[in-house]
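**Q** Residues per chain, in single letters:
There are 2 protein chains.
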Amino acid sequence: MSVKEEYTPRPDEELDDMAAVDFESQHPADAAETIEGLDIADQVKFIKQLPIKDAAESIAEMDDLDQKALISSLNRGLAARIVEEMAPDDATDLLDGLSDDLQKALLSRVAAEDRAELKTLLTFDPDTAGGVMNTEVVILDQDLNADEAVAKIREEVEDKEIPYYAYLVDKKDRLVGVLSLRDLLLAKRGSHLRDLVKTQNLISVGYNVDKEEVAHLIAHYNFLALPVVDFGNRLLGVVTVDDVIDIIHEEASEDMQAMVGAGADETTDSPWLYSLRMRLPWLILNVIFSAVSAWVVHLFEGNIAQMAVLAVLMPVVANQAGNTGQQALAVMIRQLAMERFDRKRAWIAVLRELRIGFVNGMIISTLVFCAVLLVTHKVLLASVMGAALWVDMLLGALAGGSIPLLLKELGRDPAQASSIFLTTITDSMGFLVLLGLAGLVLLH
Amino acid sequence: MSVKEEYTPRPDEELDDMAAVDFESQHPADAAETIEGLDIADQVKFIKQLPIKDAAESIAEMDDLDQKALISSLNRGLAARIVEEMAPDDATDLLDGLSDDLQKALLSRVAAEDRAELKTLLTFDPDTAGGVMNTEVVILDQDLNADEAVAKIREEVEDKEIPYYAYLVDKKDRLVGVLSLRDLLLAKRGSHLRDLVKTQNLISVGYNVDKEEVAHLIAHYNFLALPVVDFGNRLLGVVTVDDVIDIIHEEASEDMQAMVGAGADETTDSPWLYSLRMRLPWLILNVIFSAVSAWVVHLFEGNIAQMAVLAVLMPVVANQAGNTGQQALAVMIRQLAMERFDRKRAWIAVLRELRIGFVNGMIISTLVFCAVLLVTHKVLLASVMGAALWVDMLLGALAGGSIPLLLKELGRDPAQASSIFLTTITDSMGFLVLLGLAGLVLLH
Numbered sequence: 001m002s003v004k005e006e007y008t009p010r011p012d013e014e015l016d017d018m019a020a021v022d023f024e025s026q027h028p029a030d031a032a033e034t035i036e037g038l039d040i041a042d043q044v045k046f047i048k049q050l051p052i053k054d055a056a057e058s059i060a061e062m063d064d065l066d067q068k069a070l071i072s073s074l075n076r077g078l079a080a081r082i083v084e085e086m087a088p089d090d091a092t093d094l095l096d097g098l099s100d101d102l103q104k105a106l107l108s109r110v111a112a113e114d115r116a117e118l119k120t121l122l123t124f125d126p127d128t129a130g131g132v133m134n135t136e137v138v139i140l141d142q143d144l145n146a147d148e149a150v151a152k153i154r155e156e157v158e159d160k161e162i163p164y165y166a167y168l169v170d171k172k173d174r175l176v177g178v179l180s181l182r183d184l185l186l187a188k189r190g191s192h193l194r195d196l197v198k199t200q201n202l203i204s205v206g207y208n209v210d211k212e213e214v215a216h217l218i219a220h221y222n223f224l225a226l227p228v229v230d231f232g233n234r235l236l237g238v239v240t241v242d243d244v245i246d247i248i249h250e251e252a253s254e255d256m257q258a259m260v261g262a263g264a265d266e267t268t269d270s271p272w273l274y275s276l277r278m279r280l281p282w283l284i285l286n287v288i289f290s291a292v293s294a295w296v297v298h299l300f301e302g303n304i305a306q307m308a309v310l311a312v313l314m315p316v317v318a319n320q321a322g323n324t325g326q327q328a329l330a331v332m333i334r335q336l337a338m339e340r341f342d343r344k345r346a347w348i349a350v351l352r353e354l355r356i357g358f359v360n361g362m363i364i365s366t367l368v369f370c371a372v373l374l375v376t377h378k379v380l381l382a383s384v385m386g387a388a389l390w391v392d393m394l395l396g397a398l399a400g401g402s403i404p405l406l407l408k409e410l411g412r413d414p415a416q417a418s419s420i421f422l423t424t425i426t427d428s429m430g431f432l433v434l435l436g437l438a439g440l441v442l443l444h
Numbered sequence: 001m002s003v004k005e006e007y008t009p010r011p012d013e014e015l016d017d018m019a020a021v022d023f024e025s026q027h028p029a030d031a032a033e034t035i036e037g038l039d040i041a042d043q044v045k046f047i048k049q050l051p052i053k054d055a056a057e058s059i060a061e062m063d064d065l066d067q068k069a070l071i072s073s074l075n076r077g078l079a080a081r082i083v084e085e086m087a088p089d090d091a092t093d094l095l096d097g098l099s100d101d102l103q104k105a106l107l108s109r110v111a112a113e114d115r116a117e118l119k120t121l122l123t124f125d126p127d128t129a130g131g132v133m134n135t136e137v138v139i140l141d142q143d144l145n146a147d148e149a150v151a152k153i154r155e156e157v158e159d160k161e162i163p164y165y166a167y168l169v170d171k172k173d174r175l176v177g178v179l180s181l182r183d184l185l186l187a188k189r190g191s192h193l194r195d196l197v198k199t200q201n202l203i204s205v206g207y208n209v210d211k212e213e214v215a216h217l218i219a220h221y222n223f224l225a226l227p228v229v230d231f232g233n234r235l236l237g238v239v240t241v242d243d244v245i246d247i248i249h250e251e252a253s254e255d256m257q258a259m260v261g262a263g264a265d266e267t268t269d270s271p272w273l274y275s276l277r278m279r280l281p282w283l284i285l286n287v288i289f290s291a292v293s294a295w296v297v298h299l300f301e302g303n304i305a306q307m308a309v310l311a312v313l314m315p316v317v318a319n320q321a322g323n324t325g326q327q328a329l330a331v332m333i334r335q336l337a338m339e340r341f342d343r344k345r346a347w348i349a350v351l352r353e354l355r356i357g358f359v360n361g362m363i364i365s366t367l368v369f370c371a372v373l374l375v376t377h378k379v380l381l382a383s384v385m386g387a388a389l390w391v392d393m394l395l396g397a398l399a400g401g402s403i404p405l406l407l408k409e410l411g412r413d414p415a416q417a418s419s420i421f422l423t424t425i426t427d428s429m430g431f432l433v434l435l436g437l438a439g440l441v442l443l444h
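Heads up: the protein sequence lines correspond to chains A and B, in order.
Residues in the first sequence are numbered consecutively from 1, following full-length UniProt numbering.
Residues in the second sequence are numbered consecutively from 1, following full-length UniProt numbering.
In case anyone wonders, no lab produced these hints; they're calculated from the structure.
Only a predicted model underlies this, so the values are computations on that prediction, with no experimental measurement involved.
Hints are supplied without guarantee of correctness; some may be wrong.
Copies of the same chain are indistinguishable here, so a pair counts whether it falls within one copy or spans any two.
[To be verified] With a cut-off of at most 25 Å between alpha-carbon atoms, the simulated BS3-like pairs for lysine-lysine come out as follows:
(1) K68 / K188
(2) K53 / K188
(3) K53 / K119
(4) K344 / K104
(5) K408 / K53
(6) K188 / K152
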């Protein structure tokens, strides 16, 4: 983005004591935390007295919600200059979170060239390579030699984020190679860039590739950045490793929270009404599913009236099989998150879960058989309980292993509400087997 | 590590068809996947015909278990040369996973200087900064000027991993500054390194800092690497961002799997007996805890015998409160994983969970009240059920929010078995309230 004149604080904007933070010595990420700790009026005061560059860098590091609140509270001229000063990917993230009116108002105040770029970036889906890429790229003509390239980088580097790599394009702007600063440092004087990348196996992604896939690629290859291209292989930007860390963090939270039906993007800082709204539909689904388990128990109400001890054992079966299934679930979901999907290996992993469930089920069922026998002195009751528990734990392992795969095969998020589906199966089937077996063996 | 002479394949080691992989064009990460797909005899053949450098790079990218199996199957001379050729952090990881005998045998065949370094690295706890750091660092004297520095880097860079940064030390090897390649490219000719880092706020970590804390710092500051120092502030090595991505991936899996009592480091590739052993203790704990819930139900067996419909409602209460609690649990655990612990903010987050649980509990309880009334036409029963559900969902929210914090305050992993603790509370308290209330209101 173009570098604008420094913003000089006016005397009446001087800092109160509360905000007398030693900003000079702070990293923007720390400054962001400091700012988040202030109330909004103090945040505005604090930002107003900072040089625009520092303000932009600090705000870029703030949490989405705090960032949005602060920008909305600043006067629009200042807000627009801060947006202008940010790296384009950070600016796009910020604008994406604002109301349409405010977004338009800020864009209209941004310098024309920056505005055009931001508008383009805003058209990309935020969950794709295009949505997270940075457009500040060092682009070199492949006909340059190494020294000319270093000189060109020296010229450009002040304006751009740390260039891990420089990208080589041909006359039609098509991406033909990538050079790390290390390659350039090592290159023999006078050698042509074209020759330096001759045998290179270039890896790039289309702008519409899912950002999690981009993160996987960067993690897989230990890259610092990955170039993003359009359908004509023209270079659009790069996704850098620092963005990938955020994506991986988000992805992990999404998995864990989606599994139990919390909002994928919830944090403890989300407005509580947002969390409420995200969780309620899954709780309602869960209560509807619970009705299935309740209905199963209802079928056997007569048996329970005759043998109330069955109601004592019911929760043990349900809880234990649910836990067994969740262990399988967690391992499968993480596997799907971390590796490229391989159908055959995935189903082999389900067999592995079944085997673990079979043996753990046998051990736990034996323990429970002994415990029930010890307490009740009823061999048949203990046997029914042990058998029901074993069957249900096996079912739990099967369900926990296969639910994420089934969701994946259906084109859904493998984690979403998987724990809810699982416990519906382990609860209802556990009750069916326990109460059904008891009816057959104990009560006739 | 010292660069050794190239390993030239002997004719009798030529590749079979099966392994005729176009290795030249493959990234080591892809080659590693190819190798993992072969059976062990073919893996050995394949590795034998590769140049040592390619073999070392590919093996470094393999999964821990595959890597260990392959190295154990190679003859020791070749294995030792591969270890020698690896980056020291990768070599240490590999040696850490081997049997003591094999580790000693390989170390004894490694060149003396490399051996000393590897032995030092092996003394660090693998879960600390020292355990994951790389010792291939470009170290510059602070009295050099920028051009001398670039010349020195050019000299050294061939031997070392991509140097994102060069580190400045004083006469006593104490870390005094860090320079990115970008800084050096931008530096005015002849300027002294000492002046370039004069006002720098240098961030480093001690070798005994937990690796997850290191990952947090790198993610927080968007660094590419973080220097690791000893107690005398002498530079020992660096942790790089590619290692951090692995740490974050592991951490996310650990959280999710530990929450439900699966092994923190389990994957679908772990030997099934390992998974069995990791999960069984938690299943046993769970079954012991289940006995508490069962005992609560047992206290009210008389009530259930009189009113078997209570057994129909029990699983609905338990499941619903358990799910509510898990939603809170997942959000809290992720929060603790992603941000530095802030006691006050954490407990405020528990209050937030309580509020969400209160309102979601009210809504779900009202729905369930209506459903029970509709089905049974019993106002009192529906009321008892609604009240018990509301109370238990509130308890679930409280427990889900606070269990990770309590574990953290006790110095434990906030995720470990938290779901098991949670469902013990929601099951037993849910049954207590439902059956107790029913006893008071319906049966007297």
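**Q** Given identical chains, is K53 near K188, meaning Cα to Cα at most 25 Å, within a copy, between copies, both, or neither?
**A** between (37 Å within a copy, 22 Å between copies)
**Q** My question is about K68 and K188: at a cut-off of 25 Å on alpha-carbon distance, are they close within one copy, between copies, both, or neither?
**A** neither (49 Å within a copy, 39 Å between copies)
**Q** Within, between, both or neither: how does the pair K188, K152 come out at a Cα-Cα threshold of 25 Å?
**A** Both ways: K188 and K152 sit 17 Å apart in one copy and 15 Å across, limit 25 Å.
**Q** For the identical chains here, do K344 and K104 meet the 25 Å Cα criterion within one copy, between copies, both, or neither?
**A** neither (49 Å within a copy, 38 Å between copies)
**Q** Reference check for the pair K408 and K53, CA-CA at most 25 Å: within, between, both, or neither?
**A** neither (44 Å within a copy, 38 Å between copies)
**Q** Indicate which option fits the pair K53, K119 if close means a Cα-Cα distance not exceeding 25 Å: within, between, both or neither.
**A** within (22 Å within a copy, 47 Å between copies)
Of the numbered hints stated above, those contradicted by the structure are hints 1, 4, 5, listed in ascending order.
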